[in-house]
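Chain by chain, the residues:
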Amino acid sequence: MNQKSVVLENVSKSYESVKALTEVSVSIEKGELFGFIGPDGAGKTTLFRILSTLLNPDSGFATVEGFNTITDYKSIRKIVGYMPGKFSLYQDLTVEENLKFFASIYKTTIEENYHLVSDIYRHIEPFKHRKAGKLSGGMKQKLALSCALIHKPEVLFLDEPTTGVDAVSRMEFWEMLKKLQVQGITILVSTPYMDEAALCDRVALMQKGHFMTINTPQAIIDEFPMKIFGVKSNRMFDLLIDLQSIPSTEDVYRFGDVVHFLNNETGFDMNVIYRVLKQKGHAEIVVHQVMPTIEDSFMLNMKKADHFNAVMQ
Amino acid sequence: MRTILYILQKEFRQIFREKAMLIIIFIIPMVQLTILSFTATFEIKNTNIAIIDHDHSHESRNLIRKFEGSSFFTMSAFYDSYEQGAEALKKGKVHQLLIIQPNFEKDLKRDGKAKVMVITDAINGSAAAIMSAYAHSILMDFNKQLLVEDFPQLNVNDPIQITVSNWYNPQLNYTTYMVPGILVLLVTIIGMFLSGMNVVKEKELGTIEQINVTPIKKYQFVIGKLLPFWIIAMFEFSFGLVLARFIFGVPMLGSIALQLGTVSVYLIVVLGFGLFVSTITDTMQQAMFISWFFMVIFILMSGLFTPVESMPDWAQTVNTLNPISYFIQINRMIMLKGSVFSDFAQQFYSLVIYAVLMLTLSVWRYRKVA
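Chains L and C, in that order, give the protein sequences.
With this note's numbering applied, the first sequence covers 1 to 313.
With this note's numbering applied, the second sequence covers 1001 to 1370.
Hints are computed from structural coordinates only; laboratory data are not their basis.
Note that the structure is predicted; figures quoted are calculated from it, not measured.
Just so it is clear, CB atoms sit at the ideal spot from N, CA and C, and this is done for glycine as well.
One should not assume that every hint holds.
[As the list claims (entries may be wrong)] Quick partial rundown of chain L residues pointing at chain C, CB under 10 Å, derived from the structure: (1) Arg49; (2) Leu54; (3) Arg77; (4) Lys78; (5) Met83; (6) Ser88; (7) Leu89; (8) Glu97; (9) Lys100; (10) Phe102; (11) Ile105; (12) Lys131; (13) Cys147; (14) Ala148.
[Said to hold, decoys possible] Beta-carbon label-pair distances, calculated as ranges: (15) C:Asp1282 / L:His123: 31 to 37 Å; (16) L:His307 / C:Leu1008: 54 to 60 Å; (17) C:Met1234 / L:Glu111: 34 to 40 Å; (18) L:Lys128 / C:Met1234: 33 to 39 Å.
Taking the hints into account, I'd like the entire structure generated from these sequences.
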C-alpha cells in the first residue's frame, strides 16, 4: 500500500506574468482518493494538465506511477484517465459511439471493461443512442467518467467533475468514486466545494498556486487552533462589523445563514459576545459553539497566507 | 493502423451527420461549377453602339450598315451631336460611340482618306479592348472594300497573308477553357476549408484535450484528419469530371488516370495547407480569415480569370508559390492538350515539394503538449 502513485516535487508553472503554481510538492499513495480543494484560479486545472502530460512544468518535476511527465509521457498516457473540467467529448456523436471510440483508441472494447464502468454506464445506457450534446449535465458527467475509465486506467484525474451538477448527482458521483477506489484505482479530484473535501482520504487546500495544508480532512479539523462560534441576530449586516470590536478577534465571516466568529483568546467566554452585541443594539441574538469545518480551516489558512504575504512585502 | 481506421470512422460519422455539411460538400460545388462555367466568359455580345453621323452620305450609311450587320453590335441610338452621345456614354446607356465627320464621303472621294472616331467606355479594361478590336476589324474590312470598289486598278492583295488557327480550342470556347480551372477551384475550396476548420473546431470545443491525453500518435491523428477530406475531394473532382464531359462537353484528351494521379498529390498540398492554418489558430473565425486571405490571392493570381503572362514580373515570381496556379496549368494541359507527364513534370514536382513541405510543417506545428 505504501507505494507512491503520483509525486509532485517543487512544481512551478507561470502563464506570462501570472504564477499558476509556485513550487508545490505532494506525494499521493496508490489507491488513495485525493482531493485538491480551492477556489477558481487556485491552480487546480494547471496541476491536472501537468499530471496528464498536456502541459510541461517550468521547473520541478512530476511522476505518475513512476513515469516522468516530460520524458515518459507516452507511458503515462496509456495508464491514466483524464476528465477535463469542460465537457470534452464529441457532442455530435451518440453516447455509445463516444464510449466505443475511446475504447478503441486504447485498443480495448466496451465489453472487455464493462465491469469497471457498468455502475456508472448503467444510468446512461437507456440513452445510448442519444447524442452526447443532448444529455443533461449529470449524464454528461457520467459519460465523461465512463470514457475516462473504459481503458482501465491506474490513475484517474478528475478536474472539477461536480461543477455545474445538481446536489443529488454530486452525491451519486462521490459514491461512484468510492466504488472505483475499491477497485484499486488512484483517484485525484479537484473541486471548489469545501463540503466534498470530507469525502476524500486526504486533501490539499489550494490558494493562488500554493498548497496551504495537506492532510486528512479529520486532521485538518482536529488541528483547528481555536473555538468557533456561530452568531445570529436581527441585524446580520452590522453583525460583521460589530463583532470585530471584541478584543482578540481572529476573524469574522459569513457562513451560510450565520456568521462565524473566531477568537484566539484561551478560555474565551461566549457571554462576551452577548454583552457586546446588546450594547450595540442587536436583538434576537443566538450564539453557539460550532465544530470547525474544512471551509473554516480554509478561511483561516487563507487569512494567514494573506497576512504572511503582506508582511513579506 | 487500426487506430487510424477508428479515427476515420469517427470523422466520417461526424461529417455525414451534419446536414449543412452535406450541402457544403455536395450541392454547393455543383451549383458553382454550373453557374461559373456558363457565366465566367470574356466573350462580349450585344455591345450597345450609338452612331453620330454628321455626314448622312451614301458612304457613311454603308459604314453604318457594316456595323449593323455584325452580330456583335446592337444599334442602340442615333444622335445628332457629340454631346448627346457623350451623355449616353456617361450614363452607361451605350458602350461605344461611332462618330462620322461631316464631309466623310467627300474627303474619301477627293483625298482618298477620311477620319472616323470610335469612343469606347473603358471602365472594364479588358472588355474595352475587345470592343475596340471588333470595331477596328469592321473598319478594316470597310477599308478593304473601298479599295476594291473605288480603285480596282490597284492590287489590293496584302503581301503577307495571315491565317489564324486556334489550336486546342478551335472555336475559342470559353466553357472549354474555364471548366478545368473551376474544377480545380472547387476541390481547393473544399479541401482547404474543411481540413482547416476541422482541427480548429476540436480546439474550440475542447475535444482535442481529451484526444491529446490518449496514446494516439501524431501521424495517426494527422492522417485521420486529412484522409476523409482527401477522399471527399477526390470523389468531388471525379464527379466534376463527369459533369464536364457530359454536360459541358469539354474535351478530355489526356489520360484520366494521369489526371486523378496529379489531383491526388495536389490535394495533399491543399489539405496540408488547411491543416497548417488550423494548427496556428485558436478559433474557427481566425482559421476562416487566414484561409480566405491566401485563397483569394491564390485564386486571383492563378491564371483562372486573367492570364499569368500579363501580370508584372514580381507577381509572376510570387506565383511560383501558388499551388493553384500550377495545378490549373496541369489540369488544362491534360484535358485540353492531352499532355503527358513529361510535359508538366516541372509543375508536378513543384507540387510534390509543396506537399511534403506543408505536411511537415503542420505535423511539426501540431503539438499535443503545450
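For each hint, the structure was consulted:
1. Evaluation of the Arg49 of chain L hint against chain C yields a held restraint, the C-beta minimum of about 8 Å falling below 10 Å.
2. With its C-beta approaching chain C no nearer than about 6 Å, Leu54 of chain L sits inside the 10 Å limit, and its interface hint holds.
3. Below 10 Å, beta-carbon pairs count as interface contacts, and Arg77 of chain L has one with chain C at about 5 Å; its hint therefore holds.
4. Of the supplied interface hints, the one on Lys78 of chain L holds, with its beta-carbon coming within about 5 Å of a beta-carbon of chain C, less than 10 Å.
5. Because the beta carbon of Met83 of chain L sits about 8 Å from the nearest beta carbon in chain C, less than 10 Å, this interface hint is met.
6. Taking 10 Å as the C-beta contact cut-off toward chain C, the hint placing Ser88 of chain L at the interface holds, the least distance being around 4 Å.
7. Annotation: Leu89 of chain L was flagged as interfacial toward chain C, and the flag holds, the nearest CB pair being 6 Å apart, inside 10 Å.
8. The restraint placing Glu97 of chain L at the interface with chain C holds, with a minimum CB-CB distance near 7 Å, inside the 10 Å limit.
9. Given hint, Lys100 of chain L at the interface with chain C, holds; its Cβ is 8 Å from that chain's nearest Cβ, closer than 10 Å.
10. Among the interface hints, the one on Phe102 of chain L holds; its C-beta lies about 7 Å from the nearest C-beta in chain C, closer than the 10 Å criterion.
11. A hinted interface residue such as Ile105 of chain L counts as satisfied when its beta carbon comes closer than 10 Å to some beta carbon of chain C; here the least separation is about 5 Å, so the hint holds.
12. Residue-level restraint check for Lys131 of chain L holds (minimum Cβ-Cβ distance to chain C is 8 Å; threshold 10 Å).
13. Because the smallest distance between the Cβ of Cys147 of chain L and any Cβ of chain C comes to about 7 Å, under 10 Å, the interface hint for this residue holds.
14. This hint holds: Ala148 of chain L has a C-beta 8 Å from the nearest C-beta of chain C, less than the 10 Å allowed.
15. At about 35 Å, the CB distance of Asp1282 of chain C to His123 of chain L agrees with the hint of 31 to 37 Å.
16. For the hinted restraint 54 to 60 Å between His307 of chain L and Leu1008 of chain C, the CB-CB distance of approximately 59 Å keeps it satisfied.
17. Checked against the given bound of 34 to 40 Å, the beta carbons of Met1234 of chain C and Glu111 of chain L, roughly 36 Å apart, stay inside it.
18. At about 34 Å, the CB distance of Lys128 of chain L to Met1234 of chain C agrees with the hint of 33 to 39 Å.
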